[in-house]
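Colleague: Each chain, letter by letter, is given below.
4 protein chains.
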Amino acid sequence: MKLKFAMVGGALGSFMGPVHRIAATLDGQAELVAGSFSRKAEKNRAAAEAWHVDPDRVYEDYRELLAAEADNLDYVVICTPNNTHVEIATAAIEAGLAVSSDKPLGIGSAECDEPASLVDSRAVPFMVTHNYSGYPMIKEARAMRAAGDLGDIHRIVVEMPQGWIQGIITLSGEEPALWRMDPAVVGPSLATADVGTHALHLAEHVTGLTAIAVDADASYLLSTSPLENDINILLRFDNDAAGILTVSEFATGDRNPFRIRVYGTKAGIEWVQETPEYLIVKEPGGNERRLFRGHSPDAESAKWSRIPMGHPEGYLEAFANLYGEFHRAVRAWRGGAPIVGGNRGYDYPGVAEGVRGLRFVEAVLANLAGTDKWTEF
Amino acid sequence: MKLKFAMVGGALGSFMGPVHRIAATLDGQAELVAGSFSRKAEKNRAAAEAWHVDPDRVYEDYRELLAAEADNLDYVVICTPNNTHVEIATAAIEAGLAVSSDKPLGIGSAECDEPASLVDSRAVPFMVTHNYSGYPMIKEARAMRAAGDLGDIHRIVVEMPQGWIQGIITLSGEEPALWRMDPAVVGPSLATADVGTHALHLAEHVTGLTAIAVDADASYLLSTSPLENDINILLRFDNDAAGILTVSEFATGDRNPFRIRVYGTKAGIEWVQETPEYLIVKEPGGNERRLFRGHSPDAESAKWSRIPMGHPEGYLEAFANLYGEFHRAVRAWRGGAPIVGGNRGYDYPGVAEGVRGLRFVEAVLANLAGTDKWTEF
Amino acid sequence: MKLKFAMVGGALGSFMGPVHRIAATLDGQAELVAGSFSRKAEKNRAAAEAWHVDPDRVYEDYRELLAAEADNLDYVVICTPNNTHVEIATAAIEAGLAVSSDKPLGIGSAECDEPASLVDSRAVPFMVTHNYSGYPMIKEARAMRAAGDLGDIHRIVVEMPQGWIQGIITLSGEEPALWRMDPAVVGPSLATADVGTHALHLAEHVTGLTAIAVDADASYLLSTSPLENDINILLRFDNDAAGILTVSEFATGDRNPFRIRVYGTKAGIEWVQETPEYLIVKEPGGNERRLFRGHSPDAESAKWSRIPMGHPEGYLEAFANLYGEFHRAVRAWRGGAPIVGGNRGYDYPGVAEGVRGLRFVEAVLANLAGTDKWTEF
Amino acid sequence: MKLKFAMVGGALGSFMGPVHRIAATLDGQAELVAGSFSRKAEKNRAAAEAWHVDPDRVYEDYRELLAAEADNLDYVVICTPNNTHVEIATAAIEAGLAVSSDKPLGIGSAECDEPASLVDSRAVPFMVTHNYSGYPMIKEARAMRAAGDLGDIHRIVVEMPQGWIQGIITLSGEEPALWRMDPAVVGPSLATADVGTHALHLAEHVTGLTAIAVDADASYLLSTSPLENDINILLRFDNDAAGILTVSEFATGDRNPFRIRVYGTKAGIEWVQETPEYLIVKEPGGNERRLFRGHSPDAESAKWSRIPMGHPEGYLEAFANLYGEFHRAVRAWRGGAPIVGGNRGYDYPGVAEGVRGLRFVEAVLANLAGTDKWTEF
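Protein chains in written order, with my numbering: chain A, 1 to 377; chain B, 1001 to 1377; chain C, 2001 to 2377; chain D, 3001 to 3377.
No lab work stands behind these hints, which were simulated from the structure alone.
Keep in mind the model is a prediction, meaning the values are calculated, not measured.
Careful: at least some of the hints might be erroneous.
What the hints assert, rightly or not - For the chain B half of the interface with chain D, some residues (derived, Cβ under 8 Å), not all of them: (1) H1052; (2) E1288; (3) R1289; (4) S1296; (5) S1305; (6) M1309; (7) G1345.
To be verified - Below, simulated BS3-like cross-link-like pairs (lysine-lysine); rule was C-alpha separation at most 25 Å, straight line: (8) D:K3040 / C:K2004; (9) C:K2373 / B:K1373; (10) C:K2043 / D:K3303; (11) D:K3043 / C:K2002; (12) B:K1043 / A:K43; (13) C:K2303 / C:K2002; (14) D:K3004 / C:K2002; (15) C:K2303 / D:K3043; (16) A:K43 / B:K1303; (17) D:K3373 / C:K2004; (18) A:K4 / B:K1004; (19) D:K3373 / C:K2043; (20) B:K1303 / A:K2; (21) B:K1002 / A:K4; (22) A:K373 / D:K3373; (23) A:K2 / B:K1043; (24) C:K2004 / C:K2040; (25) D:K3002 / C:K2002; (26) B:K1002 / A:K2; (27) A:K303 / B:K1043.
Beta carbons are placed, not taken as given, at the ideal position from N, Cα and C, and that holds for glycine.
This is chain A alone, in the form it adopts within the complex (with noise of 0.2 Å):
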């Protein structure tokens, strides 16, 4: 049977909505059934109506669906604004069900600490989709690395420049008001939380290390907008790598040509989403090794493929990915295994990986508002 999910948020013409439906349902192991898409009834009604879901199964809000719904639910996905992430995901902890969040976790680490301590104790499955980390070749050069094929890792840089706010204000002639640009809804961070998190997940993903240590500069440009929209970070891990960490909303023209580069005493490898399907592996020499996705049966990458090499996947089969490990999860729960953390066992962001990536937004804030050269965290 497949398992049962519900929405919360991200109807039509959202960005993430439509990608946490595809992403859940990609693999024909899930089935959405029911939700509250939007607070506006009529695009309510009229993502029911795109997805084929039952009118009768569409809520008001997150309260009616959960009190409806519960009992014929595995799990909620919940993709609205962030400021309400962390009542839902408690809700619905509550009603019994586990829950896959939009990142980030809350706008604030201390928010975390209820969820936190329910996952914990109720051990449901609970994912925060840090979702680039889904990419195959992307566990591939997790594996590398844990296998000592880049040796000892001394230089990390992960860039994740993208371009949409000098776009829309070119494009339309008027400075965009979202609520991704709000203090009231996203908290008091918007580059480092919308997509910094992203990337120091996927460093510390990759190399297995922690940073510890931020030095951070940050502009605020070309809005009214309090909150930063380019930040420049060099960074320190627990080995005492060095890093540079840097996303931007204004790079102009930039996509999003997310790039992860590790460097260690044996091999250098590179990565850039915008051509997801290989991995540079740079020999000292300065020789490169191209590696494509599921280049042997034996291959990481194999192992979180669909379909052959030289037939691209993308980014909704990545995050399909993540949905892959949790439904694995989810129907552990399901025949009565515990889940530590909201993912333990499993190859997914939990409770952990979120709060870790507010706490990284914290210290970032901190070294802005300061003077100290760098803020430990």
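Take the given structure of chain A and dock chains B, C and D to it, following the hints.
Modeller: Below, chains B, C and D without anything else, positioned relative to chain A:
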């Protein structure tokens, strides 16, 4: 309500079965409810279990399936070996169902007369999945050409080099013994029928031209199969444009960099399947413009996209674009509208495109068998 | 002492004149001391002045030049229009000088009998500048092939698409009227002779194979010139490998992405002139290795390099590599060593390579004029 | 008449000696006539022989050279280790010659006061070879910025990752012991002085902005050298644009993909030294335009080109572009024109650019030594 479909063939472990299943369901418009996935009972059951199809709705062969399920289905997906396509398609139409058939339509154009006239008389949706035409930037290329942005077209190069046979031999030390190489199953052509038809379809889809003559050279390598696995073809189109069409299954190390270049008096374009998210526009002075999927809300590619640029879509989404059009046709047909030629009014390949591919194969084989330089078709 | 040379043709504003001048002097082994750069006195003087050639050593035509300077020179560089190559080369050899001639050797193979037998009898260095073979990564490719790293070669694709005629028309609104398009000057072929001979030479240089048959299709576009400006050729080589050779001067927007792909049973290779610093090695399983110029001190490419990888070399350095070998031959010849065939023992193209190019052109023209599918040569 | 120059340092086997020799002579405007190529007599002789310099004009040290040759020379090229640049340059100016010095100008800004004031008082051409600014597409980028095509600049990223130290260790198994890593020879900085100054120069050359503050993090890895070999720097420019400048000599496998990205309100641009022939222009909507060298006769890049697009130029040609301007200045100066600041009126880096590089290094070292977040300079 979602449309209901069954699959014939395409069990786990096949390439195209999972592709059709994902592509048909990606947008939440259709549901796999029954199947005869394999002649082998165990594989048949395994597919049903993996995809959560009710075991009572899994059948030993397509006849049983149609007998039991015709009233509960909207369409049948055929991904069996080539020599059974026509027979299954004919039976499905006669059972009152629409059909989505993997290519080629059959193993010779003569055997397609019956299904073609059935499709005509029943006016039922019929799709042959020349899926590469579903890529958003291919649609954009076609739109540019139709708008006259390329000027008069005088040169076309289309390539589909693959190295899979060589890979298999090298990695396993043995000659592959696959049904794809067996003339009893695939008919008198391997490379030309299997992928050459894709290449021809794409060239004609983008340019709006019709190839009218071929001058071909084939190789029969590294295999005891009597069928060609590498073919180089000179083409002439109906406007006298010259072309090259080359496909190979022995292009060592090539994954599938399906590439099309079209040169007109105003501009050239180039698209490569392994980097499908952009179209290169070549300006007469030598500069390039790279147009990215969904570059403006009005761009043709935006109409065939699910997520924003910078978040890679790929093969499955392109395949799903064909199903999106097919589903629109099936709903219209269910609503009483006749669908002429299996696809009239909808943007997916129908019977004519399928027959055309087979005629192309036959022209190439005739050219290879004779001494004439050119064979018209 | 530096070698002394004079140039015939190649004034300012020409493409090849400055190229030969730079390439011949790049390594500090030779000195331009005299010339007859143009039939037009003003252009002749201007070149001399620009390049600091003594005005007393500038001559109205090559005969005067040879009469006055033969004793002061080691060699003559010929970069006049095609129909004068043979006559000037013959006179220079008769004057006791070595020759570096731009390609093609002449406008037909018959007219080359005399200079060929002169070269033989005088045993004098004679270079025909098929310069693309001078790229370091081409030398590396040849060495890999010679070492057996590619296995048996079964597929070769060589392309040299250019869009210059189209660029001229589009930018100027007029048909180009260049001597390169005038059959009285360049002989009976344009694209095949002008760049097709480069492509054939490169294919044979890298693979060590010999093309033995052609099946060609030519176009005559956008011009009142009767000569072909776009040609697609199917090839067969002496080991039965199949090939495609395609060149165009109407490939709108293509700058000159001269590309060669060679596929063997063990590996494939690919090199593109616009990114000349690396060679792609295609492994049977689908991964790629990119070898960079000078990747180890022992690499073949290191022997043809001036500066380390990461500091791009290009066209002029590759051209200078031919001159480096030619200068070694000239010094040996000045020291008394006979140079058989114009190049025996040295790694630059000689008379045989020049004649072979013309025979290839003649085979292509014969194939186009007749009705046979294949023309052997 | 060609200009006459001598070289100090730069024997065979060095990187920069052959580079200067080729770059200075590439266009036939200057002639190497004397030298003191090495302190080691044998290497000194070998260079002279290889480059056909009269053995009577080869000297044991620069003092002898200047004493004997000052009247026969126009300029001196200095490519000795860093700690001798100032002394040799000063002596050459005092001997009445122009100077082309490899960078950095010296090992500290203080020691440059004397040569700087000498250059001023003598009004003699003086070049410091920050050669990357000589690439045609860098000139094009600068021209676009100057024309306002980028709008207001708000983000700059410049990277120069190299892996040479790592390569040496890995390939040889030993720690490198090169003068480039010895503080007695190169002064108090390795990576910042050696390549960081190139990166800063390029950023300021393209943007027309001036960096005013640095916040740096350095690493000292895999070596007993006390100098930094990897440095990540946050920058602020005089218009408040934010920047990142990062250089490394331990970026395993990176050859030298020197890359600059500049983002303005109207467009972004990107250029990578390993593919120097085009400039990526990033449009706000996410499309790219790739401008190729010499794309029109009036393009800025056309003025800095020797051969047409599609025929790659590289590092040596870019370096020669600096010499082209320098030669113009030397001829003007020989004709009586004063050259203010060593370069006023000509497009090559002079004393001010050299001093600025050293001040940047000093600011970075001060920042690393202190506890302040930002150090202004």
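Colleague: Now look at each hint and say whether the structure bears it out.
Modeller: Now the hints, each set against the structure:
At about 39 Å, the closest approach between the beta carbon of H1052 (chain B) and any beta carbon in chain D exceeds 8 Å, and the interface hint on this residue is violated. Taken as an interface hint, E1288 (chain B) checks out: its beta carbon lies about 4 Å from the nearest beta carbon of chain D, inside 8 Å. Hint on R1289 (chain B) holds. Least Cβ distance to chain D is approximately 5 Å, under the 8 Å limit. The criterion of a C-beta within 8 Å of any C-beta in chain D is met by S1296 (chain B), whose closest approach is roughly 6 Å, and the hint holds.
The beta carbon of S1305 (chain B) comes no nearer than 12 Å to any beta carbon in chain D, farther than 8 Å, and the hint placing it at the interface is violated. Taking 8 Å as the C-beta contact cut-off toward chain D, the hint placing M1309 (chain B) at the interface holds, the least distance being around 5 Å. A hinted interface residue such as G1345 (chain B) counts as satisfied when its beta carbon comes closer than 8 Å to some beta carbon of chain D; here the least separation is about 32 Å, so the hint is violated. For the hint linking K3040 (chain D) to K2004 (chain C), the alpha-carbon distance of about 31 Å lies beyond 25 Å, and the restraint is violated.
Between K2373 (chain C) and K1373 (chain B) the alpha-carbon distance is near 4 Å, which keeps this suggested pair within the 25 Å criterion. For the proposed pair K2043 (chain C) and K3303 (chain D), the alpha carbon gap of about 20 Å is at most 25 Å, so the pair holds. Only pairs whose Cα atoms come within 25 Å are accepted, and K3043 (chain D) paired with K2002 (chain C) is accepted, the gap being roughly 20 Å. Annotation: proposed proximity of K1043 (chain B) to K43 (chain A) is violated, straight-line Cα distance about 43 Å (limit 25 Å).
Of the supplied pair hints, the one linking K2303 (chain C) and K2002 (chain C) holds, its CA atoms being roughly 22 Å apart against a limit of 25 Å. Between the alpha carbons of K3004 (chain D) and K2002 (chain C) the distance comes to roughly 16 Å, so the proposed pair stays at or under 25 Å and holds. Between K2303 (chain C) and K3043 (chain D) the alpha-carbon distance is near 20 Å, which keeps this suggested pair within the 25 Å criterion. For the given pair, K43 (chain A) sits about 20 Å from K1303 (chain B) by alpha-carbon distance, which is consistent with the 25 Å threshold.
The straight-line distance between the Cα atoms of K3373 (chain D) and K2004 (chain C) is roughly 62 Å, outside the 25 Å bound, and the hint therefore fails. Straight-line distance between C-alpha atoms of K4 (chain A) and K1004 (chain B) comes to about 19 Å, which keeps the hinted pair within the 25 Å bound. Of the supplied pair hints, the one linking K3373 (chain D) and K2043 (chain C) is violated, its CA atoms being roughly 62 Å apart against a limit of 25 Å. At most 25 Å may separate the alpha-carbon atoms for a hinted pair to count; K1303 (chain B) and K2 (chain A) exceed this at roughly 31 Å.
Among the hinted pairs, K1002 (chain B) with K4 (chain A) is consistent with the structure: their alpha-carbon atoms are about 16 Å apart, no more than 25 Å. At roughly 4 Å between alpha-carbon atoms, K373 (chain A) and K3373 (chain D) fall within 25 Å of each other, so this suggested pair holds. The straight-line distance between the Cα atoms of K2 (chain A) and K1043 (chain B) is roughly 20 Å, inside the 25 Å bound, and the hint therefore holds. At most 25 Å may separate the alpha-carbon atoms for a hinted pair to count; K2004 (chain C) and K2040 (chain C) meet this at roughly 24 Å.
The hinted pair formed by K3002 (chain D) and K2002 (chain C) meets the criterion: a straight-line CA distance of about 16 Å does not exceed 25 Å. Of the pairs offered as hints, the one joining K1002 (chain B) and K2 (chain A) holds, with about 16 Å between alpha carbons and a cut-off of 25 Å not exceeded. In summary, the hint linking K303 (chain A) to K1043 (chain B) is supported, as the alpha carbons are separated by about 20 Å, within the 25 Å threshold.
In this structure, the earlier hints numbered 1, 5, 7, 8, 12, 17, 19 and 20 are contradicted, and the remaining ones agree with it.
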